[in-house]
Amino acid sequence: MQINPVKGTHDIYNEESKEYSLLINQASNIAERFNYVKMTTPILESTNLFVRSVGESSDIVNKEMYTFLDKGGRSLTLRPEVTAGIMRSIATNKLYANAELPLKYYYVGPCFRYERPQAGRYRQFHQFGIEAVGNPSAQLDAETISLGYLYLKSLKFSNVKVVINSLGDEETRINYRNALKQYFSQYIENMCEDCKRRFETNPLRILDCKVPEDNEIAKNAPKLSDFLSDNAREYFDRVLNLLKLFGVDNIVIDNSLVRGLDYYTGVVWEYHISSNDATDVGAIGGGGHYKNLLKEIGGPDLEGVGLAIGLERAHYLWSTLVKKEPVDNKLDFYIAPMGDNALEVGIKFATSLREKGYSVSIPYENKSLKSLLKSASKSNAKFAIIIGDEEINNDNYIIKDLSNGVQTNIKFNDIVGEQLNLNNEIIEKLNNK
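Heads up: the sequence shown at position 324 corresponds to 324 in our numbering, and the numbers run straight through without jumps.
Keep in mind the hints are simulated off the structure, nothing from the lab.
Take every hint as true, because none was put in to throw you off.
As a list, the in silico PhoX-like pairs of lysine-lysine whose alpha-carbon atoms are at most 20 Å apart:
(1) K291 to K94
(2) K210 to K63
(3) K210 to K181
(4) K382 to K356
(5) K153 to K244
(6) K411 to K356
(7) K223 to K181
If you anchor each label on the Cβ, the simulated ranges turn out as follows:
(8) K378 to N292: 50 to 60 Å
(9) N25 to K378: 16 to 26 Å
(10) K18 to I347: 18 to 28 Å
(11) F246 to G357: 28 to 38 Å
(12) I251 to S377: 44 to 54 Å
Note that CB positions come from ideal geometry on N, CA and C, so glycine has one too.
Using the sequences provided together with the hints, build the complete structure.
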């Protein structure tokens with residue numbers, strides 16, 4: 001009986017695996033340019049961590065978490081997002097003690113949510129994200145937004161848009177919550193069960209309802225922008241102005257944007273991508289400012305800001321809208337030995353080249369030269385090193401450039417010696433032919 005992948009999961013292999021590596025390496029590179037350090041947290045965490053941080057009113061906690069009791073009766077959850085784990089690690093390990101603030105961490109890893117699978121969206125998915133904790137400022141918010149923007153631009157997406165809103169300060173949210181409850185009170189009896197629950201726990205979540213009839217009601221709800229305090233409005237304007245300084249030049253203010261996580265308290269945003277015909281294909285990631293998250297899970301009272309980008313979603317859109325040709329990930333050398341003596345020499349060559357940092361493939365079965373060179377081409381190798389009895393007796397090995405067929409000769413010590421340089425000595429010899 002064939003065993004299939006669990007619904008909502010997928011295998012990543014061959015060319016696609018190379019593409020994911022490209023996206024991940026670029027994300028890490030961008031984060032490190034901004035002085036972020038990588039952090040890896042457990043995939044399993046206490047369920048209470050996500051209830052306290054993500055929020056009981058969120059769909060993630062109410063509908064989407066993979067939660068179970070372990071053999072000791074403890075409630076554990078496969079992480080639905082990584083921010084809460086980063087905060088837990090900061091608190092547990094007291095990473096804030098005697099540290100230069102803000103603490104700046106980035107992460108790449110799998111998350112799990114029980115939601116409907118669709119193009120570029122899975123129940124097991126991978127996130128790249130960053131968290132900057134301590135020394136909150138409009139500058140840090142803007143820099144965080146610009147990091148995600150730069151990452152997506154570096155992947156050659158032609159139209160990256162930052163959709164942004166402000167949830168304001170505490171005064172703003174209290175006044176807005178009261179206004180939403182007053183507005184929705186006249187409709188709530190006929191709205192979905194989720195909206196009824198959100199009405200009691202967090203009315204802002206109603207604005208995120210996907211039921212068409214309820215969404216139409218929400219469109220006419222009071223706008224959060226009308227309730228921003230003077231301080232909150234001034235802060236938001238400062239972030240918007242700073243974004244231009246950071247090179248973010250495609251900004252859209254959306255007063256209905258609230259994001260799906262309860263811990264956001266200030267500026268929130270999403271990154272949207274447009275297709276080749278300028279159609280907005282939706283969010284590829286987003287983030288926001290949070291005030292009480294670290295304190296809520298037992299850490300000090302330090303504010304933070306962070307973002308997350310779904311790599312499956314990014315890969316789907318990148319491979320659909322951007323990628324024009326296979327990722328260049330060529331093998332450096334393919335060793336082509338003919339006979340037992342040649343195989344022994346080939347193993348010495350392969351070992352030496354790998355120690356020098358080159359990628360090498362060597363077959364261990366007997367093949368004709370024609371078959372070996374065919375395999376070398378299929379391996380996408382740059383060079384083939386041909387070894388036969390004649391080459392061994394004369395200490396005169398053939399190295400062939402598989403891109404143009406040009407070949408030259410090289411001695412044993414030239415390969416296993418200290419000075420081999422693929423980019424200079426060999427290419428120079430080949431170019432001089």
